[in-house]
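Visitor: The primary structure of each chain is shown beneath.
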Amino acid sequence: MGIADLKQIVEALLIASPEPLTDARFRACLKDEATNIPLADIISELETDYTKSRRAFEIKKVASGFQIVTKSEFEPYIKGLFSKAGKLRLSQAALETLAIVSYRQPVTKNDIEAIRGVSSDSSLRTLLDRKLLEIRGRDEGPGRALLYRTSTEFLQYFGLNTVKDLPKLREVEDILSEEQDELL
Amino acid sequence: MGIADLKQIVEALLIASPEPLTDARFRACLKDEATNIPLADIISELETDYTKSRRAFEIKKVASGFQIVTKSEFEPYIKGLFSKAGKLRLSQAALETLAIVSYRQPVTKNDIEAIRGVSSDSSLRTLLDRKLLEIRGRDEGPGRALLYRTSTEFLQYFGLNTVKDLPKLREVEDILSEEQDELL
Amino acid sequence: MDKPLRVDLEMFEGPLDLLLFLIKRDELNIYDIPIAKITRDFLVYVGMAKELKLHSAGDFVLMAATLMKIKARMLLPQDPDGDEEIEDPRTELINMLLEYKRYKEAAVTFEELERSERPHYYHIPAPWTAEEEDQTAILEDVKLYDIMLTFQYLLKNYEEPLTHHVAVEEVTLSEQAGYLSSLLQTKGKISFLNLLERFESRLIVVVTFLAILEMLRSRQVKVKQSKLFDDLLISRGAEFGNR
Numbered sequence: 000m001g002i003a004d005l006k007q008i009v010e011a012l013l014i015a016s017p018e019p020l021t022d023a024r025f026r027a028c029l030k031d032e033a034t035n036i037p038l039a040d041i042i043s044e045l046e047t048d049y050t051k052s053r054r055a056f057e058i059k060k061v062a063s064g065f066q067i068v069t070k071s072e073f074e075p076y077i078k079g080l081f082s083k084a085g086k087l088r089l090s091q092a093a094l095e096t097l098a099i100v101s102y103r104q105p106v107t108k109n110d111i112e113a114i115r116g117v118s119s120d121s122s123l124r125t126l127l128d129r130k131l132l133e134i135r136g137r138d139e140g141p142g143r144a145l146l147y148r149t150s151t152e153f154l155q156y157f158g159l160n161t162v163k164d165l166p167k168l169r170e171v172e173d174i175l176s177e178e179q180d181e182l183l
Numbered sequence: 000m001g002i003a004d005l006k007q008i009v010e011a012l013l014i015a016s017p018e019p020l021t022d023a024r025f026r027a028c029l030k031d032e033a034t035n036i037p038l039a040d041i042i043s044e045l046e047t048d049y050t051k052s053r054r055a056f057e058i059k060k061v062a063s064g065f066q067i068v069t070k071s072e073f074e075p076y077i078k079g080l081f082s083k084a085g086k087l088r089l090s091q092a093a094l095e096t097l098a099i100v101s102y103r104q105p106v107t108k109n110d111i112e113a114i115r116g117v118s119s120d121s122s123l124r125t126l127l128d129r130k131l132l133e134i135r136g137r138d139e140g141p142g143r144a145l146l147y148r149t150s151t152e153f154l155q156y157f158g159l160n161t162v163k164d165l166p167k168l169r170e171v172e173d174i175l176s177e178e179q180d181e182l183l
Numbered sequence: 000m001d002k003p004l005r006v007d008l009e010m011f012e013g014p015l016d017l018l019l020f021l022i023k024r025d026e027l028n029i030y031d032i033p034i035a036k037i038t039r040d041f042l043v044y045v046g047m048a049k050e051l052k053l054h055s056a057g058d059f060v061l062m063a064a065t066l067m068k069i070k071a072r073m074l075l076p077q078d079p080d081g082d083e084e085i086e087d088p089r090t091e092l093i094n095m096l097l098e099y100k101r102y103k104e105a106a107v108t109f110e111e112l113e114r115s116e117r118p119h120y121y122h123i124p125a126p127w128t129a130e131e132e133d134q135t136a137i138l139e140d141v142k143l144y145d146i147m148l149t150f151q152y153l154l155k156n157y158e159e160p161l162t163h164h165v166a167v168e169e170v171t172l173s174e175q176a177g178y179l180s181s182l183l184q185t186k187g188k189i190s191f192l193n194l195l196e197r198f199e200s201r202l203i204v205v206v207t208f209l210a211i212l213e214m215l216r217s218r219q220v221k222v223k224q225s226k227l228f229d230d231l232l233i234s235r236g237a238e239f240g241n242r
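Protein chains in written order, with numbering that gives the first Met the number 0: chain A, 0 to 183; chain B, 0 to 183; chain C, 0 to 242.
For the record, the hints were derived by calculation from the structure and aren't laboratory data.
Mixed in with the good hints, there may be bad ones.
Said to hold, decoys possible - Taking lysine-lysine pairs in the BS3-like style, the calculated list, with each CA pair at most 27 angstroms apart, reads: (1) A/LYS6 x B/LYS167; (2) A/LYS167 x B/LYS108; (3) B/LYS60 x B/LYS167; (4) A/LYS59 x B/LYS108; (5) C/LYS186 x C/LYS221; (6) B/LYS108 x B/LYS163; (7) B/LYS70 x B/LYS59; (8) C/LYS221 x B/LYS167; (9) A/LYS163 x C/LYS223; (10) C/LYS103 x C/LYS155; (11) A/LYS51 x B/LYS108; (12) C/LYS103 x B/LYS163.
Let the sequences and hints guide you as you build the complete structure.
Guide: Below, the structure is given as structure tokens:
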């Protein structure tokens, strides 16, 4: 197998791989058509191609392998892909916080942190910034803590009319506990 | 801004975008440097480039946008990237459930089960896990049941541009006349 | 039985699928299904299901019951005067079969699409790390289902400490009966589904349901339901208030 074919295979792998491509993984994909050419050599051939043809992407070597990334000069445009108007992208921490507020609202920061077991300041801030949560009133208790609840934008995003329309825990269990159907 | 520059920007966006690039999203990314050239025109220029330079990938029109996919001939190699011999195929039950949701959406679990005549919890769960379906709001009826509909991932998975691209569901009369023919 | 049954019930997606198979196998006219014969064949398969650990077995049994009901209705004498056209008892079943068949066919189309899309792999971009995102894993895009899963997951891990704070709920039948009476006193009618939404735990729901049954027996309440599995409407009964 010539380097031209190997170049194509490596390119396909780079495009399809959900994580950086390592030499070991590359060899595992080749199967019978083993080659002695190191992955790094094929990569550098590809890099030359990309520079020559003025591609908007390049190959980046990260600790674990190689991956295709856009050139940094295009960052100002790419930002637009991930702007607020786009799809909801949240960290695990923010998602957890959002889930607790959705089902327990109105809720204080303390309540959230009691369930998550970790400080939730920064995820609360992110969710407020993205207008998924809002602050509404204060707790009756001694601390008079701020109460958080989901916003109208949150409901709209998920196509819900009111908070009551969220899937109930009972319904959640129904969906999650298939397989346990009794047998005859 | 010339088409050469636009081509590079579009390429960068295609490489960076986790979902199909739509014309609207493309324009949102351009900001001040607006252009009248339709995204589709720039895409077709890029496609010509990729064919000429024998790239291992191509551009696919899917879910009302464009996305980079590997060419089918590289499947045997790409398979090796994923632990379970390539992609997991959907079961017959999941396919039936998906068919009902896609033609009838939005639809409740009851509607699905009434048509299939069999409990569909487990296929619903599979389809939700694989993000091919999503929960969207509640039925207006007395039970206020959860409503299901197909997702963008559904369109991607089946390579469809919109739900309208689905082949028309056969009419009962057609099925019947075929049945009669078979009997004769 | 005229043909050997060498087919496994697990091959079928459900009772409708099995019926379609029997119709095709015996080249039956779907508009004029010999109900006695098909019921007999169907029951043989369901008999096999008892040995199989088939989790949709309940749906097969339900269909068997439906078939037997249709069979019984077909035996009833027709209206002798003939002034009213009596609907064929099989009509509903035929409609169900045809409707199911449409989607079963559509499923084949989806399977073909799946196969033709299989060799293409979408480019998966490296995670985008904008400066303001300090968080670790950024979820691609969030669906309502993710919110449900996350809350359920959190709740599972949290259940332990929670039980330390909250005393075990003790709820008795007479307490719930008293609660229902007071609600009926002010409202007149209660929807069962709305009632359920007030209760957090399964235990309370169960006890409340038992209380309703008890009150129904002693005619303190009346319960109406427009169709099977519909909401229950609870109202005051003849003996309401007399305990």
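Visitor: Indicate, hint by hint, whether the structure satisfies it.
Guide: Tested hints:
Among the hinted pairs, A/LYS6 with B/LYS167 is inconsistent with the structure: their alpha-carbon atoms are about 42 angstroms apart, more than 27 angstroms. Taking the CA atoms of A/LYS167 and B/LYS108, the gap is near 15 angstroms; set against the 27 angstroms cutoff, the hint holds. A threshold of 27 angstroms between alpha carbons decides the hint, and for B/LYS60 with B/LYS167 the separation of about 20 angstroms falls inside it, so the pair holds. Note on A/LYS59 and B/LYS108: the hinted pairing is violated, with a Cα-Cα distance of about 46 angstroms set against a maximum of 27 angstroms.
A C-alpha spacing of about 14 angstroms is found between C/LYS186 and C/LYS221, which places the hinted pair at or below 27 angstroms, so the restraint holds. With a C-alpha separation of about 22 angstroms, the suggested pairing of B/LYS108 with B/LYS163 holds against the 27 angstroms cut-off. Between B/LYS70 and B/LYS59, the direct Cα distance comes to roughly 10 angstroms. Compliance with the 27 angstroms bound is thereby established for this hinted pair. For the proposed pair C/LYS221 and B/LYS167, the alpha carbon gap of about 48 angstroms is over 27 angstroms, so the pair is violated.
For the suggested pair A/LYS163 and C/LYS223, the alpha carbons sit about 25 angstroms apart, so the restraint of at most 27 angstroms is met. Taking the CA atoms of C/LYS103 and C/LYS155, the gap is near 38 angstroms; set against the 27 angstroms cutoff, the hint is violated. For the hint linking A/LYS51 to B/LYS108, the alpha-carbon distance of about 55 angstroms lies beyond 27 angstroms, and the restraint is violated. In summary, the hint linking C/LYS103 to B/LYS163 is supported, as the alpha carbons are separated by about 19 angstroms, within the 27 angstroms threshold.
In the structure shown, a violation is registered for the earlier hints numbered 1, 4, 8, 10, 11, in ascending order.
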